[in-house]
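J.: These protein sequence lines are chains A and B, in that order.
Quick note on numbering: the working numbering labels position 14 of the first sequence as 14, and the sequence is numbered without any gaps.
Quick note on numbering: the working numbering labels position 202 of the second sequence as 202, and the sequence is numbered without any gaps.
Treat the hints with caution; some may be incorrect.
Just so you know, same-sequence chains aren't split out, so a pair can sit in one copy or run between any two.
[Claimed, not checked] Pairs of lysine-lysine, DSSO-like flavour, derived with a Cα cap of 30 Å:
1) K419 <-> K370
2) K460 <-> K281
3) K275 <-> K419
4) K453 <-> K354
5) K370 <-> K209
6) K220 <-> K209
7) K453 <-> K419
8) K152 <-> K236
9) K179 <-> K150
10) K379 <-> K69
11) K228 <-> K54
12) K69 <-> K80
13) K379 <-> K54
14) K54 <-> K152
15) K156 <-> K209
16) K207 <-> K370
17) K460 <-> K419
18) K453 <-> K69
What the hints contain is simulated information worked out from the structure, not anything from laboratory work.
There are 2 protein chains.
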Amino acid sequence: MTRVVIIGGGAAGMAAASRVKRLRKDFDVVVFERTPYVSFALCGIPYLAGCTVKTLDELLYYPPEFFVKKRGIDLRLRTKVTKIDPSGKTLTYKNLETGEEGELEWDYLVLAPGARSRAPEIWPEIKELENVFYITHLDSGERIRSYALKLKHGSKAVIVGAGYVGLEMAENLSNLGMKVTVVEALPHVAPRTLDPDYAEIVEQHLKEKGVEVITGAPVKEFKAVNGKAKAIVTDKGEIEGDLFVVGVGIRPNTELAQQIGARIGETGAIWVDEKLRTSVKDVYAVGDAVEHTDIVTGRRVWRPFAPVANKMGYIAGSVIAGRDAVFMGSVGTSTFKTFDMVVARTGLSAEEAKKLGYNVEVASLEGYTKAHYIPGRTKVYLRVIADTDTGRLLGAQSVGATETVLWRINVIASLLTVKATVWDLFFSDIGYAPPLAPVWDPLIIAARLLMRKLGERPRKQ
Amino acid sequence: MTRVVIIGGGAAGMAAASRVKRLRKDFDVVVFERTPYVSFALCGIPYLAGCTVKTLDELLYYPPEFFVKKRGIDLRLRTKVTKIDPSGKTLTYKNLETGEEGELEWDYLVLAPGARSRAPEIWPEIKELENVFYITHLDSGERIRSYALKLKHGSKAVIVGAGYVGLEMAENLSNLGMKVTVVEALPHVAPRTLDPDYAEIVEQHLKEKGVEVITGAPVKEFKAVNGKAKAIVTDKGEIEGDLFVVGVGIRPNTELAQQIGARIGETGAIWVDEKLRTSVKDVYAVGDAVEHTDIVTGRRVWRPFAPVANKMGYIAGSVIAGRDAVFMGSVGTSTFKTFDMVVARTGLSAEEAKKLGYNVEVASLEGYTKAHYIPGRTKVYLRVIADTDTGRLLGAQSVGATETVLWRINVIASLLTVKATVWDLFFSDIGYAPPLAPVWDPLIIAARLLMRKLGERPRKQ
Chain A
1 MTRVVIIGGG
11 AAGMAAASRV
21 KRLRKDFDVV
31 VFERTPYVSF
41 ALCGIPYLAG
51 CTVKTLDELL
61 YYPPEFFVKK
71 RGIDLRLRTK
81 VTKIDPSGKT
91 LTYKNLETGE
101 EGELEWDYLV
111 LAPGARSRAP
121 EIWPEIKELE
131 NVFYITHLDS
141 GERIRSYALK
151 LKHGSKAVIV
161 GAGYVGLEMA
171 ENLSNLGMKV
181 TVVEALPHVA
191 PRTLDPDYAE
201 IVEQHLKEKG
211 VEVITGAPVK
221 EFKAVNGKAK
231 AIVTDKGEIE
241 GDLFVVGVGI
251 RPNTELAQQI
261 GARIGETGAI
271 WVDEKLRTSV
281 KDVYAVGDAV
291 EHTDIVTGRR
301 VWRPFAPVAN
311 KMGYIAGSVI
321 AGRDAVFMGS
331 VGTSTFKTFD
341 MVVARTGLSA
351 EEAKKLGYNV
361 EVASLEGYTK
371 AHYIPGRTKV
381 YLRVIADTDT
391 GRLLGAQSVG
401 ATETVLWRIN
411 VIASLLTVKA
421 TVWDLFFSDI
431 GYAPPLAPVW
441 DPLIIAARLL
451 MRKLGERPRK
461 Q
Chain B
1 MTRVVIIGGG
11 AAGMAAASRV
21 KRLRKDFDVV
31 VFERTPYVSF
41 ALCGIPYLAG
51 CTVKTLDELL
61 YYPPEFFVKK
71 RGIDLRLRTK
81 VTKIDPSGKT
91 LTYKNLETGE
101 EGELEWDYLV
111 LAPGARSRAP
121 EIWPEIKELE
131 NVFYITHLDS
141 GERIRSYALK
151 LKHGSKAVIV
161 GAGYVGLEMA
171 ENLSNLGMKV
181 TVVEALPHVA
191 PRTLDPDYAE
201 IVEQHLKEKG
211 VEVITGAPVK
221 EFKAVNGKAK
231 AIVTDKGEIE
241 GDLFVVGVGI
251 RPNTELAQQI
261 GARIGETGAI
271 WVDEKLRTSV
281 KDVYAVGDAV
291 EHTDIVTGRR
301 VWRPFAPVAN
311 KMGYIAGSVI
321 AGRDAVFMGS
331 VGTSTFKTFD
341 MVVARTGLSA
351 EEAKKLGYNV
361 EVASLEGYTK
371 AHYIPGRTKV
381 YLRVIADTDT
391 GRLLGAQSVG
401 ATETVLWRIN
411 VIASLLTVKA
421 TVWDLFFSDI
431 GYAPPLAPVW
441 DPLIIAARLL
451 MRKLGERPRK
461 Q
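Starting from the given sequences, assemble the full structure and let the hints guide the process.
T.: Right, here's the structure in full:
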């Protein structure tokens, strides 16, 4: 009997496990997971903290029994893999509740160890502070909520980091009645997603919603009294609070991969080939600990995003089950919502593209979501970046109080996947109806603006 | 001085006029338009009828003075072109108000005559009936509204045709307090947009909104008393009403093109090449009277849709102004909203593809708009059609009570434009955030289902 062992029961690991079992019922599929949960939606944690999601169980895509009973997967919860022997194809494990240890043989191994917060490395003092939180797992959401709900209405939450986790937390903690301050080390919010002028629109929205935003303020330390943080210290002064959430910085869990001598890539994440094989025979890796190829630039990138992790799991499972599958990569789409504002980007920013040696043409515009005569239309800011030399699309950013912000970016993302051009965008046949879109959609206007510089005639690629 | 004369001041004509003038300020640009309006949004008529739009003027993208004063275009409103001499490059015109006639020389001519309702050809009796309406121009919306508002609340509107105009009218006349019946000759609603099972979802929604739907019932005649229609006669019996709107059938206005001997294409619309030139020297044609190439099949198609018309105008204007531009075609995206239901499709249906000789693979699924744990998610029905032999995407349809229905179709539309495959769709990096999309978007699930049949390995095209 062939045995596939998966280390890590998150989205990527369970996608791989499910896929193998679906294609090869005769394979023995074992998943080791340190927590009591599998198939968990870590992205839901801010919504658990903010009571949008009532219970932790709702954040599981399926309960553990589903995988055992319906899919025939051997789940070993609360169990840690302590050592892997890649040549002997065995591993040792330890049950974290009972202390029981054991050894298991495997034919194929899938590493799906995920990523972890860098917060306790950066500020070791916070490990001892009862009112400072960073995301370790699903229960972090519950712990933040229960602490917040014990505080008086109007108590002060300080969020360190204005990336997507920080800004989702800002909305959710406001919803709990807290007064929220967001502190960002870099000069503007959403620094990995948006250009400064688009970030300014988001910052303005946060302020309108009563959130204080302090940028360009790296946190030096947490000041504490009696096991509780009282303030953070920054160049821009001390910022006091009753509850602190650190939403900055994660790193890939590469320890097991390093232990077996698997290659670590230039990004610091686990290297894999297009079949998601590590450099060690019959050992695969998937999910947030793994790097992959950016389709736009061909470079290696580390993108710990759930859709990438899920696709990796699916493809690795297919390969192990004997299918001829490859993971083609991603283009770097990311999105989030904070209060009513939706933020999305894909591909490269103009600055990133220039640093990589591209000559770039940029179109920026303000458009609307509906025909001008339909009430309730919403403004959309859209920026599209193209390669001057070839007319190839390189990236886009958008912000606005409408979910169509994400979808305009999704159209560009799909075009980036196939290395499409400005002319392909112009002739993309975006549907029109007065209550759904303007006749000249911002996407098509962006293409038209780029064609002013690049010419109307499509160039052969 | 070079003179460009445009016949027809709708979206396509004004796009061409504006583009020429923008690139060549030294050109004389003259637009002949029979109505008092230019740059009108005919798609807004149902919303004018239903009081969503208060005044006809709101349906003009710009007032006529804008084109005269800001863009330097010579507008001849209420003026009809009576004869064109293509060899002498002159035309004669007549002012419909003053009766004044004149002659004008031209260097380039652009035909933008639009399309018209076939209703009075099919049922000549309706021309004399004061309570039967079909769309002739913007004022049709005002006339329907003023007639409807004179009737008692709860009076009965009968709409002939369950295409997008009919179903938009159904919503808008319901909003005015009328009891609405929609009568469709074909076996289901939205017959040119949706497969029968998806049409059934829309029909169910209409019924929930209090609209009576009668399908498979071609209208034989209108029964009238004293200049007012009382009922329509169908195979399924007589259907009585107080107000009738005919929303079926339009045909391209090809008379002027035929008069100058311009080629009429296989679709019955005016033939043009990729530079939007008719078969007559220096005569161009754009908009709803003109056929073009379908990017998916390479066939000639007639698609009287506003985005296509606008792009044609833009490209024809660019060409006349000396730019090297081409109109690449469209893929056949159409969309509409009726009540809370959004309908969209692009490319071919499975039936259409089979008739054209394709072997097709179809994925149909029900998905959701948000992560499972976020309240308020909406169900989305999505069907994607692919070519079994090559893996190329061929088309898609979607329905659901969310504007993201259109946007999922827009992603497929953009991929159709570049002849992309099922594997390109799978690796399209659709953004994920819990309140905005599920981690496995219905689009990606559709690709995954198709890959079960087509294999996981991307095929070279």
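J.: Hint by hint, say whether it matches the structure.
T.: Hint check results:
1. K419 <-> K370: both (29 Å within a copy, 28 Å between copies)
2. K460 <-> K281: Classified as between: cross-chain Cα gap 28 Å, same-chain 42 Å, threshold 30 Å.
3. K275 <-> K419: Intra 21 Å, inter 25 Å, cutoff 30 Å: intra and inter.
4. K453 <-> K354: Only inside one copy: K453 and K354 sit 17 Å apart there, 42 Å across copies, limit 30 Å.
5. K370 <-> K209: both (25 Å within a copy, 23 Å between copies)
6. K220 <-> K209: Answer is within; shortest intra-copy Cα gap is 27 Å, inter-copy 60 Å.
7. K453 <-> K419: Cα proximity of K453 and K419: in one copy and across copies (19 Å, 25 Å).
8. K152 <-> K236: within (27 Å within a copy, 68 Å between copies)
9. K179 <-> K150: For K179 and K150, the Cα distance is within 30 Å only inside one copy (14 Å; across copies 54 Å).
10. K379 <-> K69: Close across copies (27 Å), not inside one copy (49 Å); limit 30 Å.
11. K228 <-> K54: within (27 Å within a copy, 60 Å between copies)
12. K69 <-> K80: Answer is within: at 22 Å inside a copy they meet the 30 Å cutoff, but 76 Å across does not.
13. K379 <-> K54: between (33 Å within a copy, 22 Å between copies)
14. K54 <-> K152: within (20 Å within a copy, 49 Å between copies)
15. K156 <-> K209: Answer is within: at 15 Å inside a copy they meet the 30 Å cutoff, but 47 Å across does not.
16. K207 <-> K370: both (27 Å within a copy, 26 Å between copies)
17. K460 <-> K419: both (12 Å within a copy, 15 Å between copies)
18. K453 <-> K69: This pair counts as between: shortest inter-copy Cα distance 27 Å, intra-copy 60 Å.
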